[in-house]
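Protein chains in written order, with this note's numbering: chain A, 259 to 506; chain B, 5 to 151.
Don't take every hint at face value.
[To be verified] Which bits of chain B does chain A cover? Going by a derived footprint, with three or more residues having C-beta under 8 Å, they are:
1) 23 to 32
2) 63 to 72
3) 80 to 89
4) 124 to 133
[Stated by the list, open to error] With a cut-off of at most 25 Å between alpha-carbon atoms, the simulated SDA-like pairs for lysine to any residue come out as follows:
5) 86(B) / 445(A)
6) 376(A) / 119(B)
7) 104(B) / 311(A)
8) 376(A) / 128(B)
9) 53(B) / 311(A)
10) 10(B) / 266(A)
11) 145(B) / 309(A)
12) 104(B) / 266(A)
13) 376(A) / 146(B)
14) 104(B) / 140(B)
15) 104(B) / 445(A)
16) 104(B) / 493(A)
17) 376(A) / 91(B)
18) 6(B) / 417(A)
19) 493(A) / 344(A)
20) 145(B) / 310(A)
21) 376(A) / 12(B)
22) 53(B) / 462(A)
23) 376(A) / 53(B)
24) 10(B) / 376(A)
25) 86(B) / 493(A)
26) 10(B) / 267(A)
Hints were generated in silico from the structure; no laboratory data involved. All C-beta atoms in this analysis are idealised placements derived from N, C-alpha and C, irrespective of residue type, glycine included.
This is what each chain is made of:
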Amino acid sequence: MFSLINWFRFASPQTFYPLAGRMMPWFFGVAAGLAAAGLYIGFFVAPTDAQQGQVYRVIFIHVAASWLSMFIYLVMAGWAAIGLALNTRLSFMMARALAPTGAMFAFLSLWTGALWGKPTWGAWWVWDARLTSELILLFLYLGVMALQAAIDDPRRGDRAGALLAIIGAINVPIIYFSVIWWNTLHQGASVSVTRAPSMAKTMLWGMLLMSLACWMYSIAMCLARARCIMLEREKHTGWVAELAGGGR
Amino acid sequence: MKPRHKRFAFIAAGVVCLGVAVALVLNAFQSNLVFFHSPSDVIAGTAPKDRTIRIGGLVQTGTVKRVGDGLTVQFDVTDTVKTIAVAYLGTLPDLFREGKGVVVQGRMRPDGVFQASEVLAKHDENYMPPDAAHAVEQAQKAAKTIQ
């Protein structure tokens, strides 16, 4: 029971606001460090691919962005579910803070994929199951954000957006397994938990470092955005007034 | 049951119902969601006839040749069991290679040759530096000689 009480203490915006402020620069710093290392390995250390030549190097951004776009959606839906079940204000704020970052990664994934697809496949875009379901993911992000913003009462907007976020979560396993379930033009996964990765070590390292960098960046951005949302929502409370007064 | 437990159960049940519904729908659409058919499907007649379809497989080694006007390329697409001859007029993608994956879009001609209007190279999930690729090739050749 003790651990529960401890957790709920941080569910209050008043305690979470300063904590988020302290954690944010660290996550930004680690993200920058990992991205520098990942990009260096990706563009200077990793060898060229035997079949594709240099164009394969888009994976260092493409794969990281795709993973994050799916993962952030699940985390967002998770916060939305917690918010609906427990009625905690902060959960909804986290869900709201995650959506734009997830949408950005989904867009980045589609865009870098198109840049790679033209020279490799010979087409910018094809309607195969993997590409189409990822496009639906982008639309789901935009839909969640639009729904949240369309309803004036923020708490009702939260609940409507949360419902859509949870329903849309069904799309994430479809994206992930689409290359196994159907014949797709998109290749299967090179990295999987059940077998050894089918790519050279240095390429893999560059990809993993970039993924971690994107992950840390997402956390930092989510905290930064959540802080703004907290101030906006709690502007009538004592602690925000105190904060604003203290800044003067 | 506390109200919040009830809400949790309600959400979980909702997600499970939705998951089952989507699984059934996807199952019903199974054959329409495939991006391409294999040569075996086409020859067995399970792929749609008399309309534009896509066929996916490997480009049979040694079958790529220019025919007639010198612009049309002809090659065989195989799934290692059945093979279909494909004719295509246009530029091939960079990754089009013998022995590598390809997806061709078009329709069957009466003479049994597949007239492609679009050729897409299909890349596999293997990424390796050129020297590693060379080593793999050598190993495969060696294995063949032993056989």
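Is the hinted pair residue 376(A) and residue 119(B) satisfied, with a Cα-Cα distance of at most 25 Å? Holds: residue 376(A) and residue 119(B) sit about 22 Å apart, inside 25 Å.
Need the status of pair residue 10(B), residue 266(A): alpha-carbon distance at most 25 Å? This hinted pair holds, its Cα atoms lying about 20 Å apart.
Annotated coverage of the stretch 80 to 89 of chain B by chain A, confirmed only when three residues or more have a Cβ within 8 Å: This one is violated; 0 residues, fewer than the three required, reach chain A with a Cβ under 8 Å.
Just to be careful, I want the Cα atoms of residue 145(B) and residue 310(A) compared with a cutoff of 25 Å; is the pair within it? At roughly 22 Å apart (the allowed maximum being 25 Å), residue 310(A) and residue 145(B) satisfy the hint.
Distance restraint between residue 376(A) and residue 146(B), which requires alpha-carbon spacing of 25 Å or less: violated, 35 Å
Are the Cα atoms of residue 86(B) and residue 493(A) separated by 25 Å or less? violated, 70 Å
Are three or more residues of the stretch 63 to 72 of chain B within 8 Å, CB to CB, of chain A? n = 0 at 8 Å, threshold three: violated.
Is the Cα-Cα distance between residue 104(B) and residue 445(A) 25 Å or less? holds, 13 Å
Given the hint that residue 376(A) pairs with residue 128(B), does the C-alpha gap stay at or below 25 Å? Satisfied, since the Cα-Cα distance of roughly 16 Å is no more than 25 Å.
25 Å Cα cutoff - pair residue 145(B), residue 309(A): The given pair, whose Cα atoms are some 18 Å apart, holds under the 25 Å limit.
Can the restraint linking residue 376(A) and residue 53(B) be considered satisfied, given a maximum Cα separation of 25 Å? Violated, at roughly 29 Å.
Given the hint that residue 104(B) pairs with residue 140(B), test it: the Cα-Cα distance must not exceed 25 Å. holds, 15 Å
Violated hints, listed in ascending order, are 2, 3, 9, 12, 13, 16, 21, 22, 23, 24 and 25; each of the other numbered hints is respected by the structure.
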